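Below, each chain spelled out in residue letters.
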Amino acid sequence: MNMATIVGGIGTTHVPAIGKAIAENKQNDPYWKPFFKGFDYVHYWLARARPDVAVVFYNDHGLNFFLDKLPTFAVGAAAEYRSEDEGWGIPVSRAVPGDPELSWHLINALVADEFDVTTCQDMLIDHAVTIPMALIWPGPVWPVKIVPVEINTVQHPLPSLARCLKLGRSIGRALESYARDLRVVVVGTGGLSHQLDGTRAGFVNKDFDTMCLDKIVAEPEALTRYSIHDWVEQSGSQGVEFLNWMAMRGAMTGRVTELSRNYHIPISNTAAATLVYGNERAIERKAA
Amino acid sequence: MEQDIPGTTIFDGVQAQKGLALNRMCYSFNSAENRAAFLKDEDAYCRKYGLNAEQRAAVKSRDVLKMIEAGGNVYYLAKLAGIFGLNVQDIGAQQTGMSVEAFKSKLLSAGA
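Each protein sequence line maps, in turn, to chains A and B. 1 is the number of the first residue of the first sequence in my numbering; add one for each residue after it. 1 is the number of the first residue of the second sequence in my numbering; add one for each residue after it.
The shape of chain A in the complex, shown without the other chains (with noise of 0.2 Å):
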């Protein structure tokens, strides 16, 4: 019997205005040629890893869930994402098919690992997951399915880095005892250091975003010693969908290196990153 087999992660930056960019052509713009060039060795990759299904970890802005009822973690299990307006003008994506099976498969592991999880059986998904998924696939037709899983940045008490590192190798271990045939990539959307609000906006910090890229790859505890306050001391209010990078790297449970880099300020108010990382499991490096 095969199993799934997870060939590596995906993180990147959504912000709003690239979907904007895309609607524009604008990718070879000086202002957006710098950012954009960073995908060509994710296509380039994608091109050998041939994943069927991506595992999406984001946050909602005020699409799916509003503050009267806000999970800290939610992961779908709908046939069919939609999107919808967002209310700040950038065009409404198409919708991106899902796994429902797959998705049911990570719920049931989750909550027996502990993790008592929001399930949607309706989620639209937002600019955090339609951007990422433009800016990885561009072409006219989605090549994956794709399991979305929200991760509560806005309303704080948000989850620790170290909850959300475990939420990710939960689901890693799931995967990895999937019984389908299924090529995965795990992808983790939002940051780098970035602050939209207050008198400190505009904030950004080039260091500290240096040292998280440095970290993650294969020492991401390290990472766990930083409080969600002192996180967004260092990376700024919206700094903290770092959160969501940390998920995707847990669910990386072989040896992970960095295969592509790409760091880039400014997109709008946001120092973008965009990251490939190979997941060598351990069975295979065994067997090599």
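Each hint should be verified, as a subset may be incorrect.
[As the list claims (entries may be wrong)] Heads up, incomplete: computed chain B residues facing chain A, CB under 7 Å, no partners named:
| id | residue |
| --- | --- |
| 1 | 2 |
| 2 | 5 |
| 3 | 11 |
| 4 | 49 |
| 5 | 50 |
| 6 | 92 |
| 7 | 95 |
| 8 | 99 |
| 9 | 102 |
| 10 | 107 |
| 11 | 109 |
The set of hints was computed from the structure by calculation and includes no laboratory data. Source: prediction; values computed, not measured. Even for Gly, the Cβ is constructed at its ideal location relative to N, Cα and C.
Add chain B to chain A, keeping to what the hints say.
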């Protein structure tokens, strides 16, 4: 006890309670029909969502820092800003008391 971070309001339970009506109104702006209704009669729209006097004054003056003080969350406030064609760089400039060009230059120089 954690030290306050200068220029930063943590959107926690205190802010979430304070800002519920304002954020709920902004959440409604996901719909084009609601954005049009707000533009048509702003007073009536704010009344319908039960904004308190502080929130109503902040919205009326288009003052983002005051909206945050009144419990607004920036992701929701950005939907209100969108009605006026303003993006996060425009509101970043307003909150820091800079021109939009100066705000953008500051970010460009952070990457240089």
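- Item | chain A contact restraint for residue 49 of chain B - C-beta distance below 7 Å | Since chain A brings no Cβ nearer than about 13 Å to residue 49 of chain B, farther than 7 Å, the hint is violated.
- With a cut-off of 7 Å, does the beta carbon of residue 5 of chain B approach a beta carbon of chain A closely enough for the hint to hold? Because about 5 Å separates residue 5 of chain B from the closest Cβ in chain A, which is inside the 7 Å limit, the hint holds.
- Query: Per the CB criterion, is residue 2 of chain B less than 7 Å away from chain A?
  - Reply: Since chain A brings a Cβ to about 5 Å from residue 2 of chain B, closer than 7 Å, the hint holds.
- Closer than 7 Å between Cβ atoms is the bar; does residue 92 of chain B clear it against chain A? Give me holds or violated. holds, 4 Å
- Message: Given a cut of 7 Å on the nearest C-beta pair, is the interface hint for residue 109 of chain B held or broken against chain A?
- Response: Violated: closest Cβ of chain A sits about 9 Å from residue 109 of chain B, beyond 7 Å.
- Item | Given hint residue 99 of chain B near chain A, where the shortest CB pair must fall under 7 Å | violated, 13 Å
- Under the criterion of a CB-CB separation shorter than 7 Å, is residue 11 of chain B in contact with chain A as hinted? holds, 6 Å
- Message: Does residue 50 of chain B hold up as a contact with chain A if the rule is Cβ-Cβ below 7 Å?
- Response: Violated, about 14 Å.
- With 7 Å as the cut and Cβ atoms as the points, is residue 95 of chain B at the interface with chain A? This hint holds: residue 95 of chain B lies near chain A, its Cβ roughly 5 Å from the closest one there, short of 7 Å.
- Please verify that hint: residue 102 of chain B, Cβ, nearest Cβ of chain A, below 7 Å or not. With a minimum Cβ separation of about 10 Å from chain A (threshold 7 Å), the hint on residue 102 of chain B is violated.
- Should the interface hint for residue 107 of chain B be scored as holding, given a Cβ-Cβ cut-off of 7 Å against chain A? Result: holds, 4 Å to nearest chain A Cβ.
In summary, the numbered hints that this structure violates are 4, 5, 8, 9, 11.
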